[in-house]
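Peer 1: Below, each chain spelled out in residue letters.
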Amino acid sequence: MTESVPLTWEEVARIYGRKIYNFAYRLTGNSDDAADLVQEVLLRVRKGLAAYQPGSFEGWLWRITRNAFLDEVRRRNRRPTAPLPDEVDRWDIASSPSADVEYSRISLGDDVQKALLELPYEFREAVVLCDIVGLSYEEIARAVAVPVGTVRSRIHRGRKQLRESLT
Amino acid sequence: MSHAGDLISAYLDGELTRPEIEQLKAHLSSCGRCAAEIQEVQLVRSAVRSLPMLELPAGLVPEADAEMVPLRRNKGFWVGAAAAVVALVIAVAALVTPSSPSIAIDELNSRYGARASLDPAFGPAKVVVPDLEGVLD
Numbered sequence: 001m002t003e004s005v006p007l008t009w010e011e012v013a014r015i016y017g018r019k020i021y022n023f024a025y026r027l028t029g030n031s032d033d034a035a036d037l038v039q040e041v042l043l044r045v046r047k048g049l050a051a052y053q054p055g056s057f058e059g060w061l062w063r064i065t066r067n068a069f070l071d072e073v074r075r076r077n078r079r080p081t082a083p084l085p086d087e088v089d090r091w092d093i094a095s096s097p098s099a100d101v102e103y104s105r106i107s108l109g110d111d112v113q114k115a116l117l118e119l120p121y122e123f124r125e126a127v128v129l130c131d132i133v134g135l136s137y138e139e140i141a142r143a144v145a146v147p148v149g150t151v152r153s154r155i156h157r158g159r160k161q162l163r164e165s166l167t
Numbered sequence: 001m002s003h004a005g006d007l008i009s010a011y012l013d014g015e016l017t018r019p020e021i022e023q024l025k026a027h028l029s030s031c032g033r034c035a036a037e038i039q040e041v042q043l044v045r046s047a048v049r050s051l052p053m054l055e056l057p058a059g060l061v062p063e064a065d066a067e068m069v070p071l072r073r074n075k076g077f078w079v080g081a082a083a084a085v086v087a088l089v090i091a092v093a094a095l096v097t098p099s100s101p102s103i104a105i106d107e108l109n110s111r112y113g114a115r116a117s118l119d120p121a122f123g124p125a126k127v128v129v130p131d132l133e134g135v136l137d
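Protein chains in written order, with the numbering used here: chain V, 1 to 167; chain Z, 1 to 137.
For the record, the hints were derived by calculation from the structure and aren't laboratory data.
There's no promise every hint is true.
[Claimed, not checked] When the alpha-carbon atoms are kept at most 20 angstroms apart in a straight line, the in silico DMTMM-like pairs for lysine to aspartate or glutamate are as follows: (1) V:Lys19 / Z:Glu40; (2) V:Lys160 / Z:Asp13; (3) Z:Lys25 / Z:Glu40.
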């Protein structure tokens, strides 16, 4: 989506608040964490709108959303008493099952939600942005700052792992 | 092509070019493994897209709640007056209309509950199942 005229903050909140909440909930399985993220993202949007350069608004917004989420994960990882929503920057798929087990324990979602939480972060993020938020591969690539081919690979590998988890 | 790999998801998401679609079709016609995989991935994709879109917690984003309270206070009188007129019309109609057979709650549920369950507005918003027939021929 290309916006020649930026939206107002109120319009962003009204149009995208629910999508941001669903994005965060499907990544964390936790409604409190999702609510916190919505507020943090809207705060950043409010601060950033003045400097926004017309272009891909969706890419800009979801990059802010993703960065806010990752910042929160890193902050919590530095404070181990708080629940750990995920390990980020993790490419070793087989590593650290304990974090995923912890996720499943605190999440009361259905089987699909649980399977999502078992995915490595990069795969889960790509699948959620595609299937929950409804972004195109190109929009996801802009938001995540990776090539479109990487997005395509992450989505497919994510779905294949979901399939294994659900059977 | 050895196997279709991530072309499968890209196809289901409408992200392939026409030549890529033709390439995928040609491969699937001779590869049972990939033909099975596209069916499985389609099921998973539909399952994720069937997750309900959750409502924002009330009060979290007041700007998003604004549409739920569209009435301004200075319109209250006219809204109340209109409601009173409607109630009066209904009451008069009830008096002059022959009584109709009573409808049990269960019957109402079966009539309107069934309709609601068929209405896309009550179901998942984004479940699109691509037609695989042309691909798997």
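Peer 1: Are the hints correct? Go through all of them and say.
Peer 2: Taking the hints in turn, this is what the structure says about them:
Pair hint lysine 19 of chain V plus glutamate 40 of chain Z does not hold up; C-alpha atoms about 27 angstroms apart against a cutoff of 20 angstroms. This hinted pair checks out: lysine 160 of chain V and aspartate 13 of chain Z have alpha carbons roughly 15 angstroms apart, not beyond 20 angstroms. Using a Cα cut-off of 20 angstroms, the hinted pair lysine 25 of chain Z and glutamate 40 of chain Z holds, with the two alpha carbons roughly 17 angstroms apart.
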